[in-house]
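Starting from the given sequences, assemble the full structure and let the hints guide the process.
Residue numbering for the sequence shown is 1 to 164, as defined by my numbering.
Any given hint could be a false lead.
Cut-off 25 Å, straight-line C-alpha distance, at most; resulting in silico cross-link-like pairs (SDA-like, lysine to any residue) [to be verified]:
1. Lys150 / Ile103
2. Lys113 / Tyr141
3. Lys73 / His46
Everything labelled a hint here was simulated from the structure, so no lab data went into it.
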Amino acid sequence: MLAKKSSRYEVLNLNIPTESSISEMDQAEMDEFIDNMRLILSVLGHKVLEPAIGNTQGKKDSIFILQDRSGVKAKGKLTSDGFAILKGSIIEKNVASSLTKSILNKRQILIKKGIIDQNFQFTQDYVFTSPSLAAAIVVGYSINGKIAWKDRNGISLKEKEIKE
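In structure tokens:
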């Protein structure tokens, strides 16, 4: 269940386990076991039990927006693994003929998996390896994500990085 909630991997198990009634002491041991597994899997490079997008605890300045005249409006934020587009973000329906085949394929896979629905809206938060890849998925053409993504004050991701 934790692996499914993390949204990092596709879980193919169709069975939903029932919660067993166990003693408080056994529950504490199970919680410790899960914590140990998180640590071991993370050290091995598999963040199966960790959420894909960490909680920013209400920091509005950590949210970036990409908006254009065609109605595209996407929100995203930096994560430890790259750049995440947030659930509810809307992407451009049409893509430029110059869009690379790899980005076009990625977009089609996201639609096929239901991560982007028939209304071209993200159904869940999704992490990309870079802000530019995330921006290209949103607008349908190659774009510099560090310039395109801006915070609520209009400051680009690149400008924010220079300030820090």
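(request) Run the structure past the numbered hints and jot down the numbers of the failing ones, going up. (result) Failing hint: just 3.
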